[in-house]
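Chains E and D supply the protein sequences, listed in that same order. Each residue of the first sequence is one higher than the last, beginning at 3 in our numbering. Each residue of the second sequence is one higher than the last, beginning at 3 in our numbering.
A couple of the hints might just be wrong.
Same chains, same names: a pair is fine if it fits in one copy or spans any two.
[Claimed, not checked] List of simulated lysine-lysine pairs, DSS-like, C-alpha gap at most 25 Å:
| id | residue 1 | residue 2 |
| --- | --- | --- |
| 1 | Lys65 | Lys136 |
| 2 | Lys129 | Lys56 |
| 3 | Lys114 | Lys172 |
| 4 | Lys145 | Lys177 |
| 5 | Lys56 | Lys107 |
| 6 | Lys65 | Lys108 |
| 7 | Lys108 | Lys56 |
| 8 | Lys136 | Lys56 |
| 9 | Lys5 | Lys190 |
| 10 | Lys120 | Lys145 |
Everything labelled a hint here was simulated from the structure, so no lab data went into it. As the structure is a prediction and not an experimental result, all values here were calculated from the model.
Number of protein chains: 2
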Amino acid sequence: MSKGEVVLLDCWISPFCMRVKIALEEKGVAYVSQAEDLFGGKSELLLTSNPHGKVPVLLYNGKPVSESTIIVSYIDETWTSSSPLLPACAYGRAQARFWADYIDKKVFDVGKAILLSKGEALEVAKKDFIEVIKTLEKALEDKDFFNGDTFGFVDIIAIAMTSWFPAFEKFGSFKLEDHCPKFSAWIKKSSQRESVAKVIPDADKVNEFMPMFRKLNGVED
Amino acid sequence: MSKGEVVLLDCWISPFCMRVKIALEEKGVAYVSQAEDLFGGKSELLLTSNPHGKVPVLLYNGKPVSESTIIVSYIDETWTSSSPLLPACAYGRAQARFWADYIDKKVFDVGKAILLSKGEALEVAKKDFIEVIKTLEKALEDKDFFNGDTFGFVDIIAIAMTSWFPAFEKFGSFKLEDHCPKFSAWIKKSSQRESVAKVIPDADKVNEFMPMFRKLNGVED
Chain E
3 MSKGEVVLLD
13 CWISPFCMRV
23 KIALEEKGVA
33 YVSQAEDLFG
43 GKSELLLTSN
53 PHGKVPVLLY
63 NGKPVSESTI
73 IVSYIDETWT
83 SSSPLLPACA
93 YGRAQARFWA
103 DYIDKKVFDV
113 GKAILLSKGE
123 ALEVAKKDFI
133 EVIKTLEKAL
143 EDKDFFNGDT
153 FGFVDIIAIA
163 MTSWFPAFEK
173 FGSFKLEDHC
183 PKFSAWIKKS
193 SQRESVAKVI
203 PDADKVNEFM
213 PMFRKLNGVE
223 D
Chain D
3 MSKGEVVLLD
13 CWISPFCMRV
23 KIALEEKGVA
33 YVSQAEDLFG
43 GKSELLLTSN
53 PHGKVPVLLY
63 NGKPVSESTI
73 IVSYIDETWT
83 SSSPLLPACA
93 YGRAQARFWA
103 DYIDKKVFDV
113 GKAILLSKGE
123 ALEVAKKDFI
133 EVIKTLEKAL
143 EDKDFFNGDT
153 FGFVDIIAIA
163 MTSWFPAFEK
173 FGSFKLEDHC
183 PKFSAWIKKS
193 SQRESVAKVI
203 PDADKVNEFM
213 PMFRKLNGVE
223 D
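Sequences are here, hints too, so could you generate the full structure?
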């Protein structure tokens with residue numbers, strides 16, 4: 003690895019990897035994406051870089067950083083000359099970290115439950131999911147973005163997760179827009195950003211992956 | 003609440019609250035501890051301050067910050083004139099945040115499993131717990147503290163969790179020191195700090211609470 007090189011141990015379908023790629027695009031940092039075959043065996047570099055053995059891992063000058071939210075924070079603190087992602091004041095940063103943490107703890111798990119459930123459990127999963135997004139919608143208030151006028155830390159953490167929302171809606175037979183119109187408007191607006199449009203895969207491609215995801219989680223179609 | 007006042011929505015037995023109190027002691031910040039009755043009903047202030055409705059919540063000038071790891075980070079970024087807790091460089095901060103996050107994701111859950119299990123499940127829980135502490139011991143290497151020579155962010159996040167270790171050892175009939183001598187030495191050294199000694203309750207008092215903890219989690223003695 004040459005000096006100054008930025009390498010991402012990556013997987014195209016992982017919303018957590020998408021966060022890192024959107025942050026790098028926002029900062030204008032060139033990077034090499036090194037695809038990990040999560041189903042056929044992880045690379046030695048991944049296993050030695052992250053005690054959890056999970057993507058994403060960002061290597062800068064050969065030094066690894068793991069956990070997507072921590073990586074986005076690290077990117078913000080390393081490439082400081084453009085596009086600040088976290089707020090300038092300590093209280094704003096604490097609030098941003100709270101909502102990033104809320105998204106980390108809730109969104110993927112409640113969405114995953116929709117993909118893996120049937121019958122009554124599916125109805126509960128849908129209700130839980132909409133409840134979580136309503137809480138985020140409340141945090142968004144009437145602002146354009148989570149931190150106000152500009153796209154930043156929480157927006158990156160959240161928008162990457164929405165890459166799987168078309169699959170949640172398809173499997174759960176619902177439209178998020180009917181329940182959370184403001185959050186849906188935020189998705190549309192954020193998705194038009196160059197950094198986001200470049201990174202988030204096509205909804206059809208994401209949907210095509212879901213039978214494999216169900217199989218990996220022990221659910222037969 | 004008067005200007006400049008620091009209030010902690012607190013619970014004496016919560017390791018997460020202990021983290022915040024140790025950080026405030028390290029910084030020499032005077033605060034008011036407002037005890038929450040978690041079993042008899044939460045205060046309106048707690049419910050409106052934190053979407054999770056959980057202690058700790060730190061209020062500074064009436065503005066709430068939730069989630070213990072985020073609060074400790076906020077304390078470090080707010081009272082900057084003494085005892086820096088997070089490392090000065092971005093990479094060091096990312097590493098510290100990784101290990102704080104590792105502790106958050108692992109230690110309480112594996113320890114709780116010891117308290118709530120019996121028979122074979124208890125043996126699995128003990129094995130898991132020791133495995134997690136061994137990973138932390140590896141991260142500690144031969145340093146005095148997680149960040150090197152000085153007690154800091156990861157030490158605070160971790161040492162508060164160790165307040166429940168005597169209970170894990172008692173219920174699991176094992177001695178952590180037999181498996182993790184370096185980590186045990188770190189506990190002893192860190193526990194002698196004034197900030198830690200002042201905050202961590204007596205092991206007997208913690209042990210006395212555990213039948214109640216088991217009952218709250220649906221396990222009958």
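Comparing the hints with the structure gives:
1. Lys65 <-> Lys136: between (38 Å within a copy, 22 Å between copies)
2. Lys129 <-> Lys56: between (29 Å within a copy, 22 Å between copies)
3. Lys114 <-> Lys172: Answer is within; shortest intra-copy Cα gap is 13 Å, inter-copy 37 Å.
4. Lys145 <-> Lys177: Answer is within; shortest intra-copy Cα gap is 22 Å, inter-copy 53 Å.
5. Lys56 <-> Lys107: Answer is both; intra-copy 17 Å and inter-copy 14 Å each pass.
6. Lys65 <-> Lys108: Cα proximity of Lys65 and Lys108: across copies only (24 Å, versus 30 Å in one copy).
7. Lys108 <-> Lys56: Answer is both: 19 Å inside a copy and 15 Å across each meet the 25 Å cutoff.
8. Lys136 <-> Lys56: between (29 Å within a copy, 19 Å between copies)
9. Lys5 <-> Lys190: For Lys5 and Lys190, neither the intra-copy (38 Å) nor the inter-copy (41 Å) Cα distance is at most 25 Å.
10. Lys120 <-> Lys145: The answer is neither: 36 Å in one copy and 51 Å across copies each exceed 25 Å.
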